[in-house]
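A.B. asks: What follows is each chain in one-letter form.
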Amino acid sequence: MKKLESIVITGIGLELPARASSHWILGEDSARDADEPQVLLKKLKRRGLKYKDHATRLGLSAAQAALQDAGLPIIPEEQKNGTGIGVIAASNFGNIATILKTVNTIQTEHVNAVSPMDLPNASSNVIASTIAIWYGLKALNVFLCNGATSGADAIQMACRAIRAGRTEKMLVVGVEVYEEATRKFIKDSDANIDAASFVNIGAAVLLESSESAIENGSKIYCEVENCLKSSPEKIQENLNQYFKEGDSGEKDDKFVWFRPERLLQESISRIEGLPQEQIDLESIAGETFGVLGILQAVAAVNWIKTKSDYKVLSTSGGIFNGNVCSLLYRHCDKLVKRQHQPLLSGNLHEWESRVEKINGYEVELAHSKKDPDSKEKPSILFIHGMVEDWDIWEPLQKYLEDYDLWFLKFPWESSRGQFWGKELSPESWLRDGIDLMPRKPNMVVAHSFAANAFLELVSADNSVTPEKIVLISPFFRKTRDEIDWSVLSHYVNHFLELIQESVQIRDVSRRLDSEMEIAISEKIRERLGVYGWTEFLKILLLSPDLNFDSFETPVLVLTGESDIASRPINCEELAQIFPSGRAHVFKESGHFCMIEEPRKVAEKIINLIKSENLVGLK
Amino acid sequence: MTICITGAGILTSIGDSPENVFENLCNNISGLKSISGFTKEKFNLQSAYEIDDRKTEGKDESGRSTRWLLRVIEDALKNASLEPGSRKMSVLVGTGLREHRSLELWNTEKQKCDVDSLDYGSAVRELLGSETDVTTIVNACAASNFGLGIAHDMISLGEADIVVVAGCDSITESMFGLLGRANPVIPEALRPFEKNRKGVIMGEGAAAVVLERQSHADARNASPIVKVRGVGMSCDAYHETAPDIDGIKNAISDAHKRSSCSVDDIDLIMAHGTGTIANDMVEAQVLADLFESRTGNVAVSAIKSMTGHTSGASGLIGVVIAMEAMRTGKVPPTLGLEDVIESASCLNFVKDEPLEVEIRIAQINAFGFGGVNAVAILEQVS
Numbered sequence: 001m002k003k004l005e006s007i008v009i010t011g012i013g014l015e016l017p018a019r020a021s022s023h024w025i026l027g028e029d030s031a032r033d034a035d036e037p038q039v040l041l042k043k044l045k046r047r048g049l050k051y052k053d054h055a056t057r058l059g060l061s062a063a064q065a066a067l068q069d070a071g072l073p074i075i076p077e078e079q080k081n082g083t084g085i086g087v088i089a090a091s092n093f094g095n096i097a098t099i100l101k102t103v104n105t106i107q108t109e110h111v112n113a114v115s116p117m118d119l120p121n122a123s124s125n126v127i128a129s130t131i132a133i134w135y136g137l138k139a140l141n142v143f144l145c146n147g148a149t150s151g152a153d154a155i156q157m158a159c160r161a162i163r164a165g166r167t168e169k170m171l172v173v174g175v176e177v178y179e180e181a182t183r184k185f186i187k188d189s190d191a192n193i194d195a196a197s198f199v200n201i202g203a204a205v206l207l208e209s210s211e212s213a214i215e216n217g218s219k220i221y222c223e224v225e226n227c228l229k230s231s232p233e234k235i236q237e238n239l240n241q242y243f244k245e246g247d248s249g250e251k252d253d254k255f256v257w258f259r260p261e262r263l264l265q266e267s268i269s270r271i272e273g274l275p276q277e278q279i280d281l282e283s284i285a286g287e288t289f290g291v292l293g294i295l296q297a298v299a300a301v302n303w304i305k306t307k308s309d310y311k312v313l314s315t316s317g318g319i320f321n322g323n324v325c326s327l328l329y330r331h332c333d334k335l336v337k338r339q340h341q342p343l344l345s346g347n348l349h350e351w352e353s354r355v356e357k358i359n360g361y362e363v364e365l366a367h368s369k370k371d372p373d374s375k376e377k378p379s380i381l382f383i384h385g386m387v388e389d390w391d392i393w394e395p396l397q398k399y400l401e402d403y404d405l406w407f408l409k410f411p412w413e414s415s416r417g418q419f420w421g422k423e424l425s426p427e428s429w430l431r432d433g434i435d436l437m438p439r440k441p442n443m444v445v446a447h448s449f450a451a452n453a454f455l456e457l458v459s460a461d462n463s464v465t466p467e468k469i470v471l472i473s474p475f476f477r478k479t480r481d482e483i484d485w486s487v488l489s490h491y492v493n494h495f496l497e498l499i500q501e502s503v504q505i506r507d508v509s510r511r512l513d514s515e516m517e518i519a520i521s522e523k524i525r526e527r528l529g530v531y532g533w534t535e536f537l538k539i540l541l542l543s544p545d546l547n548f549d550s551f552e553t554p555v556l557v558l559t560g561e562s563d564i565a566s567r568p569i570n571c572e573e574l575a576q577i578f579p580s581g582r583a584h585v586f587k588e589s590g591h592f593c594m595i596e597e598p599r600k601v602a603e604k605i606i607n608l609i610k611s612e613n614l615v616g617l618k
Numbered sequence: 001m002t003i004c005i006t007g008a009g010i011l012t013s014i015g016d017s018p019e020n021v022f023e024n025l026c027n028n029i030s031g032l033k034s035i036s037g038f039t040k041e042k043f044n045l046q047s048a049y050e051i052d053d054r055k056t057e058g059k060d061e062s063g064r065s066t067r068w069l070l071r072v073i074e075d076a077l078k079n080a081s082l083e084p085g086s087r088k089m090s091v092l093v094g095t096g097l098r099e100h101r102s103l104e105l106w107n108t109e110k111q112k113c114d115v116d117s118l119d120y121g122s123a124v125r126e127l128l129g130s131e132t133d134v135t136t137i138v139n140a141c142a143a144s145n146f147g148l149g150i151a152h153d154m155i156s157l158g159e160a161d162i163v164v165v166a167g168c169d170s171i172t173e174s175m176f177g178l179l180g181r182a183n184p185v186i187p188e189a190l191r192p193f194e195k196n197r198k199g200v201i202m203g204e205g206a207a208a209v210v211l212e213r214q215s216h217a218d219a220r221n222a223s224p225i226v227k228v229r230g231v232g233m234s235c236d237a238y239h240e241t242a243p244d245i246d247g248i249k250n251a252i253s254d255a256h257k258r259s260s261c262s263v264d265d266i267d268l269i270m271a272h273g274t275g276t277i278a279n280d281m282v283e284a285q286v287l288a289d290l291f292e293s294r295t296g297n298v299a300v301s302a303i304k305s306m307t308g309h310t311s312g313a314s315g316l317i318g319v320v321i322a323m324e325a326m327r328t329g330k331v332p333p334t335l336g337l338e339d340v341i342e343s344a345s346c347l348n349f350v351k352d353e354p355l356e357v358e359i360r361i362a363q364i365n366a367f368g369f370g371g372v373n374a375v376a377i378l379e380q381v382s
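In the order they appear, the protein sequences are chains L and C.
1 is the number of the first residue of the first sequence in my numbering; add one for each residue after it.
1 is the number of the first residue of the second sequence in my numbering; add one for each residue after it.
Be aware that one or more of the hints could be misleading.
Said to hold, decoys possible - For lysine-lysine, the following PhoX-like pairs were computed, each having C-alpha atoms within a straight-line distance of at most 25 Å:
| hint | chain 1 | residue 1 | chain 2 | residue 2 |
| --- | --- | --- | --- | --- |
| 1 | L | Lys422 | L | Lys610 |
| 2 | C | Lys195 | L | Lys80 |
| 3 | L | Lys101 | C | Lys40 |
As the list claims (entries may be wrong) - Listing some non-contacts, in silico: residues in chain C with all C-beta distances to chain L over 10 Å:
| hint | residue |
| --- | --- |
| 4 | Glu23 |
| 5 | Glu41 |
| 6 | Lys42 |
| 7 | Gly85 |
| 8 | His100 |
| 9 | Ser122 |
| 10 | Ser174 |
| 11 | Leu178 |
| 12 | Arg220 |
| 13 | Ser223 |
| 14 | Met233 |
| 15 | Gly329 |
| 16 | Lys330 |
| 17 | Lys351 |
| 18 | Gly370 |
Hints are computed from structural coordinates only; laboratory data are not their basis.
Quick caveat: nothing in here was measured; it's all calculated off a predicted structure.
C-beta atoms are modelled at their ideal positions from N, C-alpha and C, and glycine is treated no differently.
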């Protein structure tokens with residue numbers, strides 16, 4: 001299943017007991033106050049925690065560390081996007097002490113002797129909700145008690161909430177605390193388990209979609225994926241697929257396995273190709289029960305920080321009749337490269353890119369570097385339109401291997417906000433971007449908004465004009481009179497639909513339903529903002545004044561029959577303003593013919609670049 | 001993608017099937033009785049809406065909520081023409097108090113309670129097979145509606161074909177005591193939205209539904225009973241026990257947005273209505289604010305007046321009753337509602353006798369301690 005968004009960890013927090021062994025994998029500077037309710041109280045600074053139980057204080061402390069690590073505020077009033085952050089907390093023993101204390105008081109005395117201040121603590125979810133109140137986190141708030149896999153289950157549930165579009169970020173917190181009564185309870189449940197080995201612990205991770213992390217400039221520790229669950233007896237079926245072949249079929253994947261001590265030896269022995277490196281985190285930290293899955297996530301971050309070529313597989317569960325749950329963590333290679341190097345044809349290492357900061361915005365130029373003869377080949381520069389990324393050109397590439405391909409990325413892809421138009425006009429952005437190229441391209445292929453921006457640029461400055469131009473789905477009106485209120489309202493009202501078409505078309509495996517598509521499209525529209533969109537309007541308003549009467553360069557205008565934004569009739573009219581212009585309409589396409597009919601589009605591009613002269617073809 | 005319910009099971013103090021619980025609600029039958037699980041002399045409040053199933057009268061026993069959970073899951077699967085254990089499925093259990101009552105009985109009477117009975121995983125896997133993915137969501141009184149929302153996400157994202165969503169809660173001595181201790185007066189009954197209401201009284205119950213894609217149900221020749229349009233969720237981030245107008249509004253708006261519907265589309269609101277001063281005032285205020293603009297009034301019913309506050313099970317119990325209301329074209333009255341709390345004229349609090357009306361779309365509210373809110377929207381299958 002193709003995931004539209006991958007989920008990444010951008011913050012960690014850990015509160016250990018003082019007696020936990022020192023080990024780099026738990027973080028050199030992780031806190032050691034898990035046994036000290038009063039110290040935790042001081043750390044949390046603000047008043048109002050007097051009646052909170054130890055588990056809640058411990059959860060708050062780990063949560064605070066993770067929020068701070070992710071660079072987020074810890075004061076509710078400063079939480080700008082509280083409805084975009086949710087909480088999932090997990091604990092099995094959290095409020096057991098409160099319950100036993102209350103019931104003992106009633107039994108030995110009377111209900112009138114219990115403290116009404118204990119009422120919130122009698123509800124197990126007090127840990128999750130107090131974290132929300134304390135830090136102003138208003139998206140979904142869930143508390144899990146799910147035995148030994150609680151922590152891993154919480155991480156999986158948080159990933160799902162983000163993928164389902166419920167929130168951008170999720171804070172996942174695990175807590176276990178033990179008092180005398182709890183240890184007695186454990187001992188009564190299973191005499192073979194050493195109740196004394198269970199330690200007070202709090203651990204937290206902040207998860208967000210890679211999209212949100214990149215947009216917010218968060219530091220990305222690693223990616224989380226592939227949750228697998230089974231009974232302990234069936235664990236080998238799940239894990240075999242990792243160790244045997246690697247999850248992507250790469251045999252040379254390096255693995256470290258964080259495994260729970262108590263997993264049945266018999267099951268493990270049946271797993272083929274077990275990685276030599278195995279770590280039982282509980283032998284370092286102590287028995288952590290429901291927190292283990294989150295402790296493993298924190299340790300995975302620490303591992304990947306220093307050994308980014310490893311994948312970390314973590315498995316928790318298997319005690320107290322529980323099932324097992326595994327999660328995979330990996331350095332997010334792809335994401336880092338997506339930020340600084342484009343994803344093109346899946347062969348990331350064959351591409352290089354250069355990022356320039358222009359007026360505070362990043363403009364990025366990507367190019368194939370594998371081909372030593374590229375200089376001999378005709379070069380084509382591709383420029384994406386509004387709220388698109390350069391992945392829109394990906395389907396075309398395999399048909400254009402004989403050419404030297406260049407790709408530019410501009411702020412109107414929208415992830416950096418809506419005010420880029422205040423800094424430079426669209427044509428000036430293009431000029432600065434094209435300036436990054438070592439030499440002028442032979443051909444420019446521009447899509448949608450960028451096609452118009454490119455026309456504005458060449459009409460102002462003929463020196464940038466390449467030998468051939470391809471405009472895909474540009475916007476055009478022949479006369480000023482044609483741009484009236486109905487045209488304006490058409491573009492305003494159908495903009496979301498257009499974004500949705502782009503989301504749909506890029507969702508190759510069709511895994512989004514329309515509800516999700518709309519939610520994602522709304523998010524994209526929100527990011528582009530009214531200011532960003534207005535740059536499109538301005539450029540549309542300029543189109544009737546375009547004058548190319550003495551322009552000799554061949555121009556090919558392409559669009560799709562069902563394009564609602566750039567109608568075939570307007571594209572045909574635009575082609576007519578160039579002495580060497582012509583248009584072609586693809587029958588099976590909408591606004592994205594290069595994705596829908598890449599082979600045919602590539603043919604048109606190749607024909608044009610090979611043609612000596614188009615004069616007279618009109 | 002259309003997601004629907006293909007089977008349901010329910011157990012409360014006033015019945016053990018969707019049909020008979022609904023019929024009793026329509027006949028104003030209350031499950032309120034003198035408490036039988038605890039020593040009466042230790043408490044001021046002497047009544048609750050208990051399920052009367054103890055083997056020895058007056059002697060409490062461990063494992064009751066687990067027993068009910070398994071029963072309603074079996075009923076729901078049977079209703080959906082599914083054999084327990086016949087195929088892999090996921091189960092989400094929403095609860096407020098887990099098996100805390102068993103823990104209390106371990107503490108005071110050395111009755112059986114193990115670490116693994118603190119969540120429902122082991123018990124459900126025993127019924128449905130060891131590879132069943134079971135998650136226990138402990139989200140106070142909104143727990144089972146959260147379960148419904150998460151199940152909806154699992155199916156939308158293609159993670160699961162069939163998800164059983166359940167809710168269950170038995171009364172614990174500690175919560176019964178603390179709720180009584182926090183209320184300065186002793187309520188004679190739970191009277192939602194009544195001007196002279198005196199507070200909440202706990203109830204016991206369980207419910208389960210089978211959730212799947214309509215296309216999946218069609219493929220196995222199962223009949224959808226009702227569509228789940230969407231579930232909205234929010235957290236007040238305001239107060240541990242007091243409700244908050246904005247947080248509840250956020251959950252309702254989120255539910256409407258996810259269900260692509262508006263206040264004008266809602267024919268029935270199954271209110272959270274707990275009979276406390278704070279909840280009913282805030283809930284009535286929120287509903288009045290949000291539904292003010294609509295044309296015609298909307299039926300509001302609060303069944304906790306007869307089932308008591310069934311904690312984590314209450315949301316899903318509301319869902320099952322809304323399904324019956326759609327099927328029968330009747331809305332159960334709110335028992336004990338005489339003088340309606342001041343609110344807007346657009347809200348038609350059903351009282352005295354059932355209201356006969358066609359229900360196409362219903363909204364089920366559930367709000368819990370900690371300010372956790374989950375609101376479900378159901379649609380009649382045409």
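A.B. asks: Each hint should be assessed against the structure and marked as holding or not.
C.D. replies: Cross-check of the supplied hints:
1. L:Lys422 - L:Lys610: Measuring from Cα to Cα gives roughly 39 Å; hence the hint is violated.
2. C:Lys195 - L:Lys80: Measuring from Cα to Cα gives roughly 39 Å; hence the hint is violated.
3. L:Lys101 - C:Lys40: With Cα atoms ~19 Å apart, L:Lys101 and C:Lys40 stay inside 25 Å; holds.
4. Glu23: 33 Å, holds
5. Glu41: 8 Å, violated
6. Lys42: 5 Å, violated
7. Gly85: Holds, because the least Cβ-Cβ distance between C:Gly85 and chain L comes to about 13 Å, which exceeds 10 Å.
8. His100: At roughly 6 Å from the nearest Cβ of chain L, C:His100 sits no farther out than 10 Å, so the non-interface label is violated.
9. Ser122: Label violated. Min Cβ-Cβ 5 Å, cutoff 10 Å.
10. Ser174: Violated: least Cβ distance 4 Å, not greater than 10 Å.
11. Leu178: 4 Å, violated
12. Arg220: 21 Å, holds
13. Ser223: 22 Å, holds
14. Met233: 4 Å, violated
15. Gly329: The claim holds: C:Gly329 sits with its nearest Cβ about 29 Å from chain L, beyond 10 Å.
16. Lys330: Given a closest Cβ separation of 31 Å, the condition holds.
17. Lys351: 30 Å, holds
18. Gly370: Contrary to the label, C:Gly370 does not stay out of reach of chain L, its closest Cβ about 3 Å off (not over 10 Å).
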